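*Asks:* Quick mapping for you: the protein sequence lines, in order, are chains A and B. The first sequence runs 1 to 381 under the working numbering. The second sequence runs 1 to 109 under the working numbering.
To be clear, the hints were calculated from the coordinates, so they are not data collected in a lab. Bear in mind that the values here come from a model prediction, so they are computed numbers and not experimental data. Don't take each hint at face value.
Computed beta-carbon distance windows for the label pairs [claimed, not checked]:
1) 105/B x 62/A: 32 to 40 Å
2) 51/B x 334/A: 34 to 42 Å
3) 51/B x 188/A: 49 to 57 Å
Here's a subset of chain B near chain A, in silico, CB distances under 7 Å, partners left out [what the hints assert, rightly or not]:
4) 36
5) 40
6) 45
From the derived model, a few chain A residues whose C-beta atoms are all more than 12 Å from chain B [as the list claims (entries may be wrong)]:
7) 34
8) 62
9) 111
10) 112
11) 215
12) 218
13) 291
14) 306
15) 336
16) 356
17) 361
A virtual CB, placed ideally from N, CA and C, is assigned to each residue, including glycine.
The chain contents come next:
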Amino acid sequence: MSAGGAPALGLAERFESGLDAPICLTWELTYACNLACVHCLSSSGRRDPRELSSEECMAIVDELQRLQVFYVNIGGGEPTVRRDFWEIVDYASARRVGVKFSTNGSRITAPAAARLAAADYVDVQVSIDGASVDVNDAIRGTGSHAMALRAMDHLAEAGFGPFKVSVVLTRRNAGELDRLKTLADRYGAQLRLTRLRPSGRGADVWDELRPTAAQQRAVYEWLLDQGEQVLTGDSFFHLSAYGQKLPGLNLCGAGRVVCLIDPVGDVYACPFAIHEQFLAGNVRQEGGFTSVWRESDLFLDLRRPQSAGVCGSCGFYDSCRGGCMAAKFFTGLPLAGPDPECALGHGEKALAARGHRPLPRPSVNMSRRAANGSPDAIVVV
Amino acid sequence: MAVVEAPGVKAGALADAATGFDLDGAWRLDPQVALRPEPFGALAYHFGTRRLSFLKSRVLVDVVVALADRSSARQACREAGVGERELERYGRALATLAESGMIAPRVPA
Ligand code: SF4
Ligand code: SF4
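The following block holds chain A by itself, in its conformation from the complex (with noise of 0.2 Å):
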């Protein structure tokens, strides 16, 4: 109950009809990139020509000061190839639009971490996937444990203060957590830790590298006792029906709370769900972002209460709410059910029945190399 004795929704209700803006956002400058890491959420790797000029960025951040968007994650590929990258980190801060964003660490040169020490409004995540070389390197490409490193000695020597070491859970270093956490801490840096999604290449790496049950289990457990120490970007909501929840929103934000804005000014669900079926609309149409965001049909639609399907009858839908809807979606599941990685064990069932169906693909792919046998082509639509 409200002061006014208006009936009370849930927070999580609140949300999932939807704000006036997004909370964060995440917006993808460029598909370039200079590694090719082999569960790349957005097939990264060329650039597209079509990627949004400078004047059309800097108008994106304009459009989001007005909307009070109070940050947003700047990624890509990796965002700093971009020319103007540090131009728009500024005028953003100028405006008091925060940045937090992920980077390779291939450009954070010490003169670059002594800028970034000296900016207000500036985040950053540098992503590794492995505390060993072996493990990281597998995923990332050779040397980029030691890329990683450099920019964290950089960052560090700067004095830029709690930066963020950024991860990608794997079947490969399920078994690391603590190493990283170490690593994390050496650096002053605070750990990140998010879960690998079947989206952009990881669709191709996805039941190779995702955790097993047990190691799942085991993360769970881990996370409920690091408590706010570890950075989950609340990705592994759908765990909480092991028990206890985790802290976070504990629910798919995905074009209530979060979106994508990809190179070329698409608007997508989430970043983890670049296909034509999350796609709301684009920024360089009449209205902007704004009107996407408010207006489109497939946001709208998303705002109002989904279907529950077989997660409506279990005692955990409250807090897991049926988990990810980009992995139900890559995977072949239908949306109104249970996540692939259900912590009851309903999702393995799911996919043992899915029989042989063509996987959905991803609507962008500038993979360098197609990835397994994907489609090298941009599909504009």
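Given the structure of chain A, go ahead and fit chain B with the ligands onto it with the hints provided.
*Replies:* What follows is chain B with the ligands alone, placed relative to chain A:
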């Protein structure tokens, strides 16, 4: 993310930590915090700690905004229409905000 439960809504685990708020002290919103009005109340983001909080009632938002130019938190609550019996619950919500650095004590003018 920290969730500031509105007074009147079951406050969950976060309320336990929140005790002993100085209602008679002078407070203000931290200058590094941005408030964004929403139909349910407001979102508050602290650019220094990068914490996000949810203020789940408009009355609480009114209180928080008023803090800076009222002699005490109690006064700000009263003017926002918070009754005597609700005061304790608002105190708890303010304590949670103080703990996460969203509001801070100020030397009264
Ligand atoms: S689709 Fe998955 S990754 Fe995207 S917001 Fe929903 S739960 Fe999170
Ligand atoms: S059955 Fe559905 S709601 Fe229940 S734990 Fe599994 S995915 Fe979550």
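*Asks:* Against each hint, give a clear statement of whether it holds in the structure.
*Replies:* These are the hints, each one checked on the structure:
{"no.": "1", "hint": "105/B x 62/A: 32 to 40 Å", "in the structure": "holds (36 Å)"}
{"no.": "2", "hint": "51/B x 334/A: 34 to 42 Å", "in the structure": "holds (36 Å)"}
{"no.": "3", "hint": "51/B x 188/A: 49 to 57 Å", "in the structure": "violated (18 Å)"}
{"no.": "4", "hint": "36", "in the structure": "holds (4 Å)"}
{"no.": "5", "hint": "40", "in the structure": "holds (5 Å)"}
{"no.": "6", "hint": "45", "in the structure": "holds (4 Å)"}
{"no.": "7", "hint": "34", "in the structure": "holds (28 Å)"}
{"no.": "8", "hint": "62", "in the structure": "holds (16 Å)"}
{"no.": "9", "hint": "111", "in the structure": "holds (24 Å)"}
{"no.": "10", "hint": "112", "in the structure": "holds (21 Å)"}
{"no.": "11", "hint": "215", "in the structure": "holds (26 Å)"}
{"no.": "12", "hint": "218", "in the structure": "holds (24 Å)"}
{"no.": "13", "hint": "291", "in the structure": "holds (19 Å)"}
{"no.": "14", "hint": "306", "in the structure": "holds (20 Å)"}
{"no.": "15", "hint": "336", "in the structure": "holds (26 Å)"}
{"no.": "16", "hint": "356", "in the structure": "holds (41 Å)"}
{"no.": "17", "hint": "361", "in the structure": "holds (33 Å)"}
When each numbered hint is compared with the structure, a violation occurs for hint 3 only.
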